[in-house]
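These are the residues of each chain, in order.
Protein chains: 2
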Amino acid sequence: MEVMGKARLAKEAVGTWQGLSSGKRAQVLEEMASKLLNNMDQILAENEIDVEQGRARNITGALLDRLALTKERIMDMAQGLRDVAAMPDPLGQVVQGTVRPNGLRVEQIRVPLGVIGMIFEARPNVTADATGLCLKAGNAVVLRGGSEAINSNRIVVELLRSALVAQGQSPEILQIVENTDRTEVQQMLKLNKYIDVIIPRGGSGLIKTVIENATVPVVETGVGNCHIYVDKTADLSAACAIVDNAKTQRPAVCNAAETLLVHQTVATDFLPLLADRLGKKAVTLRGCSKTKSILPSVELAVEQDWETEYLDLILAVKVVKDLEEALTHIAAYGTNHSEAIITESYTNSQRFLAEVDAAAVYVNASTRFTDGSQFGMGAEIGISTQKLHARGPMGLLELTTTKYLVYGNGTVRD
Amino acid sequence: MEVMGKARLAKEAVGTWQGLSSGKRAQVLEEMASKLLNNMDQILAENEIDVEQGRARNITGALLDRLALTKERIMDMAQGLRDVAAMPDPLGQVVQGTVRPNGLRVEQIRVPLGVIGMIFEARPNVTADATGLCLKAGNAVVLRGGSEAINSNRIVVELLRSALVAQGQSPEILQIVENTDRTEVQQMLKLNKYIDVIIPRGGSGLIKTVIENATVPVVETGVGNCHIYVDKTADLSAACAIVDNAKTQRPAVCNAAETLLVHQTVATDFLPLLADRLGKKAVTLRGCSKTKSILPSVELAVEQDWETEYLDLILAVKVVKDLEEALTHIAAYGTNHSEAIITESYTNSQRFLAEVDAAAVYVNASTRFTDGSQFGMGAEIGISTQKLHARGPMGLLELTTTKYLVYGNGTVRD
Numbered sequence: 001m002e003v004m005g006k007a008r009l010a011k012e013a014v015g016t017w018q019g020l021s022s023g024k025r026a027q028v029l030e031e032m033a034s035k036l037l038n039n040m041d042q043i044l045a046e047n048e049i050d051v052e053q054g055r056a057r058n059i060t061g062a063l064l065d066r067l068a069l070t071k072e073r074i075m076d077m078a079q080g081l082r083d084v085a086a087m088p089d090p091l092g093q094v095v096q097g098t099v100r101p102n103g104l105r106v107e108q109i110r111v112p113l114g115v116i117g118m119i120f121e122a123r124p125n126v127t128a129d130a131t132g133l134c135l136k137a138g139n140a141v142v143l144r145g146g147s148e149a150i151n152s153n154r155i156v157v158e159l160l161r162s163a164l165v166a167q168g169q170s171p172e173i174l175q176i177v178e179n180t181d182r183t184e185v186q187q188m189l190k191l192n193k194y195i196d197v198i199i200p201r202g203g204s205g206l207i208k209t210v211i212e213n214a215t216v217p218v219v220e221t222g223v224g225n226c227h228i229y230v231d232k233t234a235d236l237s238a239a240c241a242i243v244d245n246a247k248t249q250r251p252a253v254c255n256a257a258e259t260l261l262v263h264q265t266v267a268t269d270f271l272p273l274l275a276d277r278l279g280k281k282a283v284t285l286r287g288c289s290k291t292k293s294i295l296p297s298v299e300l301a302v303e304q305d306w307e308t309e310y311l312d313l314i315l316a317v318k319v320v321k322d323l324e325e326a327l328t329h330i331a332a333y334g335t336n337h338s339e340a341i342i343t344e345s346y347t348n349s350q351r352f353l354a355e356v357d358a359a360a361v362y363v364n365a366s367t368r369f370t371d372g373s374q375f376g377m378g379a380e381i382g383i384s385t386q387k388l389h390a391r392g393p394m395g396l397l398e399l400t401t402t403k404y405l406v407y408g409n410g411t412v413r414d
Numbered sequence: 415m416e417v418m419g420k421a422r423l424a425k426e427a428v429g430t431w432q433g434l435s436s437g438k439r440a441q442v443l444e445e446m447a448s449k450l451l452n453n454m455d456q457i458l459a460e461n462e463i464d465v466e467q468g469r470a471r472n473i474t475g476a477l478l479d480r481l482a483l484t485k486e487r488i489m490d491m492a493q494g495l496r497d498v499a500a501m502p503d504p505l506g507q508v509v510q511g512t513v514r515p516n517g518l519r520v521e522q523i524r525v526p527l528g529v530i531g532m533i534f535e536a537r538p539n540v541t542a543d544a545t546g547l548c549l550k551a552g553n554a555v556v557l558r559g560g561s562e563a564i565n566s567n568r569i570v571v572e573l574l575r576s577a578l579v580a581q582g583q584s585p586e587i588l589q590i591v592e593n594t595d596r597t598e599v600q601q602m603l604k605l606n607k608y609i610d611v612i613i614p615r616g617g618s619g620l621i622k623t624v625i626e627n628a629t630v631p632v633v634e635t636g637v638g639n640c641h642i643y644v645d646k647t648a649d650l651s652a653a654c655a656i657v658d659n660a661k662t663q664r665p666a667v668c669n670a671a672e673t674l675l676v677h678q679t680v681a682t683d684f685l686p687l688l689a690d691r692l693g694k695k696a697v698t699l700r701g702c703s704k705t706k707s708i709l710p711s712v713e714l715a716v717e718q719d720w721e722t723e724y725l726d727l728i729l730a731v732k733v734v735k736d737l738e739e740a741l742t743h744i745a746a747y748g749t750n751h752s753e754a755i756i757t758e759s760y761t762n763s764q765r766f767l768a769e770v771d772a773a774a775v776y777v778n779a780s781t782r783f784t785d786g787s788q789f790g791m792g793a794e795i796g797i798s799t800q801k802l803h804a805r806g807p808m809g810l811l812e813l814t815t816t817k818y819l820v821y822g823n824g825t826v827r828d
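Top line first, the protein sequences correspond to chains A and B.
Position one of the first sequence corresponds to residue 1 (my numbering), numbered consecutively onward.
Position one of the second sequence corresponds to residue 415 (my numbering), numbered consecutively onward.
Everything labelled a hint here was simulated from the structure, so no lab data went into it.
Listed next, the stretches of chain B that the computed footprint assigns to chain A, with coverage defined by at least 3 CB atoms under 8 Å from CB atoms of chain A: (1) 508-518; (2) 796-809; (3) 817-827.
Beta carbons are placed, not taken as given, at the ideal position from N, Cα and C, and that holds for glycine.
Here chain A stands alone, though its shape is the one from the complex (with noise of 0.2 Å):
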């Protein structure tokens, strides 16, 4: 298998990456952004590839433009290896220490979590940002994208590999696995020996994939079936501007808005102004009977509207009786992303805050800010969704664990 071998590389060559400067570290990755700006035209020539036989395989428009690169996507991709090189590097941070009473002084500092196995579908600016966080974090990476990307996934990597060897160190901490047969996935995904976490950045069947087939530690991502409560006691004017963006300003993410939850006393007032307000953006409602006996047009929801994450200008939509209702639809139906309320209420906000158990939970603002850069961690690697290691965007320091360091002086125990 391909994926061995690469990711014993990875794993060998790791420990000479971990013992650079942070400094040199910074270099190499901007040498990766020159890499890139320098050979634009060969990137785009590969994506061509990708794209004609994306188009010959009926691949349909989303998924097209989020495959496609132009040099503007590139000049991104190479800005943010550039930002990442900026970034302040969490390698080496005491987070505590203390010494004992019999002398024996205990720090625990933060270390790189060593080789980090991604596996993720087809955009292939992930390949130059998953490159960037985790080798900044000291990490090595093995990266397994999607076979609609693998012309242009493969330039990239040989490119930002050609970087580390301009900057004289070894190519073997980035490794992409060429070839895309599922058998590669499935060995991955049990190589314990060799990658210490796995990432899976797509949709729920490849995180599905991943989860039940690991033996490797797994960070869960990104599926958000995310929910937005207008409480009786919300300004409706600001409930239609939230919903409207946590739907539209980019329904196909994760931190999107899917199911609006609406307070029974407020449904008659608030949801003709929503249907209003969204009927311009065209997003088709899909509601409750209560719902669809206020706005009569909308589609009446089935009980799998309420477990959907529909990516798409689709909002489901259900009154109910008060908070209670809301927060127990949101236990049963949510996937502990991101979920907000609406309300004036104090003692409300605070219950939906301390009872909801999501990633980032909200009051008064949209869902979309759960990400990274709107959290002020800089770039991300992916929203986990789990709670074990990190829970929300993950950024430099997700990428990191911890190790004690144990100072003694001949010391042993009574």
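Guided by the hints, dock chain B onto chain A, whose structure is given.
Relative to chain A, chain B alone:
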């Protein structure tokens, strides 16, 4: 299956438990301690059944000793609950917080993990210890102990649950799987809907089963093939005391040393000193050919010795050319638990600390200190040897996760 129903009950009940004040949670733990102290005879009677059945099944000395409870051990369990009750509560701590340029206030706070699944082998004290830590940090816990201790575990859980009831709390946040059939474990490992994290505690076979079969996120604990490297410049007398302590102070635990690596320059001086000291404690040495040329009476080590966690009074010994060879040996055979160098060389100490990839890396101290109470964390629920989430001793903090609270003002994303 029993475990599914019980895990669901735990999940349903945990929200109310998390909503209590930390003072109330501490009070419940105090009540639990009292219940154990007031019902010692009942616990001892049930434990006697386990011990008798163990004898009948020819369980050996050390295992039988771990299984048997005494009044003193029950008092230790009660004291453990009181100590945990008195520890500072990590919940609600603000890990970081910031106001973004658009006025959005983002706070990352510490919250419970949720429902923790503990799978452990025959040590009934783990039942009380794990319950105390998990509950203190606001979690529910589903315990699955070994069949050898089922009667002891059942009575302890019954008493701890009665303490919850006596304090007006739902007993459902503490569950024990009474059917000790393996199919229950298999199902437990895949209950992602009800269990947030699985922590296995036991031998390498148990850990392996859990890692290979779980879809619920796992924190791997415990296997420790720990090394001590005696460098060329080591204080040989201190080295002798440290190796002795790390091997013999408590040989059956994961932070005991299993392999000694000795720099060739000092081997002729050091090994006879050590053999003399360890000989008095009945330690068997298994040496490489160079060791055998210095100590002709030792057994010759085979490849398997370098891989073995003896958990017994046996020590593998290898003479190495230099620090480099020691590092290579540790990288090849270590289990990323605890590793020590004995040296007076500043450069070598720094290199060892930087390059060894383990939860705890020591200079001039015994590996036996890798332990929650020794590191000043209070009690521990296990020692993580993985890199995700927690590394090294896991205390209360490691039984929490975080969530982002986001405060807006009608805030939408541009």
